[in-house]
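Let the hints inform the model, and build the full structure from the sequences given.
End of the sequence shown sits at 485 in our numbering; the numbers just go up one at a time, nothing left out.
In short, the hints are calculated from the structure, not lab data. Just so you know, even glycine gets a beta-carbon here, dropped at the ideal spot from N, CA and C.
Simulated pairs of lysine to any residue, SDA-like, Cα-Cα distance not exceeding 20 angstroms: (1) K249 <-> N293; (2) K249 <-> I281; (3) K249 <-> L285; (4) K249 <-> S276; (5) K249 <-> E260.
Between beta-carbon pairs, the in silico distance windows are: (6) L122 <-> S375: 48 to 58 angstroms; (7) I236 <-> N136: 20 to 30 angstroms; (8) E411 <-> V337: 40 to 50 angstroms; (9) I247 <-> E315: 53 to 63 angstroms; (10) T296 <-> N251: 14 to 24 angstroms; (11) E175 <-> I236: 18 to 28 angstroms; (12) L116 <-> E175: 43 to 53 angstroms; (13) N136 <-> L328: 36 to 46 angstroms; (14) R391 <-> R105: 39 to 49 angstroms; (15) R342 <-> R437: 21 to 31 angstroms.
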Amino acid sequence: MGGSAAYEQTLGVSRYLSVLRRQRRVAVAGVVFGVLAACLYLLIAPHTVTATTAVNLNVITTEPFNQQRPASGLLDAPTEADIASSHAVAEGAAELLGGELTASQVRQSSQVSSSGGASVVRVAFTAPTEQEAVRGADAIAQAYLEFRSDQAEQRIDTMLTSMNTRIEKLNEALLQANRELVSAEPGTTDYAQAVSQQQQIQVELDSLLSQRNALTSVDTTGGIVLTSARDSQFERSPSSRMALATGLAGGLVLGIVAAFARNPFDRRLRSSTDVAEVLGAPLLADLEPRKGEVSDDDAHEQMRVIYERLRSLDSSGGPVMVFDARRSSDESRALRQLRQISDGAVEFERIDAGASRADGLAMLREAAAVLVLCSHRTALVEDLRWIAQEAQRAGAPVVGFVSEA
Numbered sequence: 081m082g083g084s085a086a087y088e089q090t091l092g093v094s095r096y097l098s099v100l101r102r103q104r105r106v107a108v109a110g111v112v113f114g115v116l117a118a119c120l121y122l123l124i125a126p127h128t129v130t131a132t133t134a135v136n137l138n139v140i141t142t143e144p145f146n147q148q149r150p151a152s153g154l155l156d157a158p159t160e161a162d163i164a165s166s167h168a169v170a171e172g173a174a175e176l177l178g179g180e181l182t183a184s185q186v187r188q189s190s191q192v193s194s195s196g197g198a199s200v201v202r203v204a205f206t207a208p209t210e211q212e213a214v215r216g217a218d219a220i221a222q223a224y225l226e227f228r229s230d231q232a233e234q235r236i237d238t239m240l241t242s243m244n245t246r247i248e249k250l251n252e253a254l255l256q257a258n259r260e261l262v263s264a265e266p267g268t269t270d271y272a273q274a275v276s277q278q279q280q281i282q283v284e285l286d287s288l289l290s291q292r293n294a295l296t297s298v299d300t301t302g303g304i305v306l307t308s309a310r311d312s313q314f315e316r317s318p319s320s321r322m323a324l325a326t327g328l329a330g331g332l333v334l335g336i337v338a339a340f341a342r343n344p345f346d347r348r349l350r351s352s353t354d355v356a357e358v359l360g361a362p363l364l365a366d367l368e369p370r371k372g373e374v375s376d377d378d379a380h381e382q383m384r385v386i387y388e389r390l391r392s393l394d395s396s397g398g399p400v401m402v403f404d405a406r407r408s409s410d411e412s413r414a415l416r417q418l419r420q421i422s423d424g425a426v427e428f429e430r431i432d433a434g435a436s437r438a439d440g441l442a443m444l445r446e447a448a449a450v451l452v453l454c455s456h457r458t459a460l461v462e463d464l465r466w467i468a469q470e471a472q473r474a475g476a477p478v479v480g481f482v483s484e485a
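Take a look at the structure:
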């Protein structure tokens with residue numbers, strides 16, 4: 081079973097290769113068409129360039145050197161990406177670009193990604209030219225860092241305002257507590273209450289003063305630019321390599337499909353292998369001049385081999401039908417030499433492929449075997465298929481063919 085399956089698979093692969101070999105011009109035309117289509121696409125498709133600016137975010141905190149909470153742990157990647165791609169940042173970038181693009185256009189042309197635990201943000205901008213892409217990426221990065229800095233300063237100002245108000249109230253309360261403490265007699269309940277109130281106010285006041293000092297020392301810088309868009313690697317679209325590779329692959333597939341679709345309707349035979357495949361019989365002799373004229377001695381020896389093969393057939397003594405599919409009016413060299421060699425021992429009856437099919441069927445009924453004369457340059461597929469099918473029905477084996485111009 082395994083050997084039979086392998087043999088059938090080999091035959092299938094050989095069949096596919098045979099079709100591709102016969103229709104190689106169609107397959108090559110498909111490849112050329114695919115490459116030309118890719119070139120045309122590269123010519124007419126809009127070309128864009130993408131530049132990327134990388135920024136390192138500054139963690140805005142009162143404890144920037146806290147060993148228990150690294151900077152990357154204080155940043156949220158989705159949040160930072162949303163901020164960088166927000167409409168507010170896009171408006172800032174549009175202003176930096178001098179109003180050449182609207183905020184919506186800036187957002188549509190940009191992409192934001194983060195790495196390193198969100199501490200590094202990459203802003204990509206796509207534009208028709210390198211200069212526009214560089215300006216766009218750098219503008220968004222600058223607007224993003226300025227937005228982070230402005231937001232931090234606004235939050236700190238709000239917190240400081242609230243703290244200052246509370247500190248003023250605590251100072252007033254502390255002044256009142258000191259007055260009550262001075263007026264109270266030591267050892268009395270009023271004195272103890274005044275001392276306790278003074279201490280509570282002082283603790284809260286010290287805490288607020290410490291927080292205010294920490295807030296005033298916070299670095300509100302949004303971050304720094306690690307790699308400018310001008311120094312980044314540009315991405316171009318469409319990619320010439322990708323387009324040509326796609327065109328080549330698509331053209332190859334198209335050529336293969338077209339080759340298999342055209343093969344059943346192709347009447348031409350391009351080689352002796354094609355003839356053998358259609359006839360289901362081997363090549364017995366090759367008298368077609370390719371690199372030089374076939375000598376008489378060589379032709380005579382090849383015809384002797386054919387003659388001995390014909391004599392060895394187990395036949396009823398009927399004639400050998402010579403089916404001449406050359407579509408030529410010239411006398412067959414092979415048939416002339418076969419008749420000379422046989423000297424009447426074997427009867428050869430020739431019929432032209434263009435003759436009446438009825439005459440051919442009548443001759444087949446009397447024939448012991450069939451020998452085909454053809455040239456793959458002039459023979460037609462339908463002629464060879466007809467003789468192969470009718471010879472099988474008549475029980476006259478096709479012993480092979482002679483390739484002759």
